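Following the hints, position chain G against chain Z.
Top to bottom, those sequences are chains Z and G. If you read the first sequence in the numbering used here, its first letter stands for residue 1, the second for the next number, and so on. If you read the second sequence in the numbering used here, its first letter stands for residue 1001, the second for the next number, and so on.
Errors might be hidden in some of the hints.
Unchecked claim - Label pairs and their computed distance ranges (CB to CB): (1) Arg256(Z) to Arg1114(G): 44 to 54 Å; (2) Ala1241(G) to Arg19(Z): 46 to 56 Å; (3) Ser1044(G) to Arg143(Z): 14 to 24 Å; (4) Arg143(Z) to Pro1060(G): 26 to 36 Å.
Hints are computed from structural coordinates only; laboratory data are not their basis. What you are looking at is a predicted structure, and each value in this text was computed from that prediction instead of being measured. No residue lacks a Cβ here, since even glycine has one placed at the ideal position from N, Cα and C.
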Amino acid sequence: MSERPLLAIEDLRVRFKLRRGTVEAVRGISFSLGRERLGIVGESGSGKSQTGRAILGLTPPPGEVTAKRLEFDGIDLLSAGASQVWRLRGSRMTMVMQDPKYSLDPVMPVGAQIVEAYRAHVKASNAEAREKALEMLAAVQLRDPTRVLSLYPHELSGGMGQRVMIAMMLVTDPDLLIADEPTSALDVTVQLEVLRILDDLVSQRGMGLIFISHDLELVSSFCDRVLVMYAGKVVEELKASRLADAQHPYTRGLMRCLPKLEGDQHPLPVLDRDPAWAL
Amino acid sequence: MAQPILKLENVSVAFGGGRLRVTAVDDVSFALKDGESLGLVGESGTGKSTVLRAISGLAPIRDGRILLDGREVPSPRDLAFYATVQMVFQDPYGSLHPRHTVDQILSEPLAIHRRPDPDTLISNVLRDVGLGPSFRFRYPHQLSGGQRQRVAVARALILRPRIILLDEPTSALDASVQAEILNLLEALRAEHGLSYILVSHDLAVVAHLCERLLVMQRGGIVEEMTADELRAGAVANPHTAAMVAASRGFERRANSL
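Only chain Z is shown next, with the shape it has when bound in the complex (with noise of 0.2 Å):
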């Protein structure tokens, strides 16, 4: 990748000051992105949700993000004012969460909230809004659009509330997305369907994207690039195509460590965890 990278991130470092002490959340990541798919894995408390959240400025207090450079576009986001990173989020990157279900607005109709997505964003009609909305719900392969419009959130099935909540996203076009478990509240045929729709949606326009999950499979069939983090830090960076290859013994024991349909294991190997892997 020879041009200006879409984000370029050096020594990223979340902090929770908590009565207790410090914990530092995400200790000191490095990486830089550019139109890819880039998969960041981890178990729970590993830190990879909060360094999605670190990106966007959406580090919930008493969080505090520090970096070297933290810079999406060229544009450094720590120094950037509060306004131009409102600017930015929601048109320029976004972000597609987990469960749709708590996501969504429950009392407001899916069509409006992606009008009002849209509209905070891009100078628009309502009705031009509205022909977008359509067309970002056709997008997202939801048959009988117009219908989808004016349903709320619980008229939705997990499958369609997610594809909602993509058509959202990209609804502005953005350049970088963030997907934070994007499927895992999802049955796993839906699940397919649904990275599906992502995969061709990114792909045709040329975003960037972070699929953060904690399926280390799922992720390396579905990204060029992966980001192995535990405890904070990034232990190990693959091609997608090399997971085989993997050195860092938490990720061959985090592939070991899953049944399989094929050449299942009886006991499963079990990951003992190295304290020297969080130092």
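Quick look at chain G alone, frame taken from chain Z:
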């Protein structure tokens, strides 16, 4: 192995009445052999958890009957039933009382069943599930997800039941912790000659722990097969085939790049 220990005959579960009636489980029959581990798989909303809840008396049975050792189980279930059949729930964060210590959690079934010498039983069961005596007086919030699920397994095990109903016992856990719990369940089964009914959406987990599995769709059983048939891909039902394909991960279409 031949005798069925638990048998469901044409069991239906429906919630609500009239226009709002929802049939969650529709005419389900199967038998669990003594010492067998049986898997129930299907997507969300297919009624697999409701089958377990119907067996344990937590869901209303509208039709059909459940036989334990050849005798129909009473409703509400009696103590003898719960001494034989116990259940482990999906979410170890929700299934343990937050203000009870591990000791209190494990004492309760013993008190209800008036078992003598609870002290020894509790320390034995904690050792069985791989938790040391130091865990005995801790509260659930002082435990990790995997340790909590071990406590939930201990609570099910402490009455020495013959059947344990497992409702997605590992889906709230990290992959490495899941491996530990699956190994624990497998070891306990071998040691105590337990029978399991395991509900899961993860085919690999079911194939790992069970010899036989039933695939559910829209409240009914659509396919029955052995774990070996599943591994070999000998799947007849198109819905099952889609699940098997999906569990093999995402494959990018050639033209989408």
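Going down the list of hints, with the structure as the test:
1. Arg256(Z) to Arg1114(G): 44 to 54 Å: holds, 45 Å
2. Ala1241(G) to Arg19(Z): 46 to 56 Å: holds, 54 Å
3. Ser1044(G) to Arg143(Z): 14 to 24 Å: holds, 20 Å
4. Arg143(Z) to Pro1060(G): 26 to 36 Å: The hinted range 26 to 36 Å holds for Arg143(Z) and Pro1060(G), with Cβ atoms some 35 Å apart.
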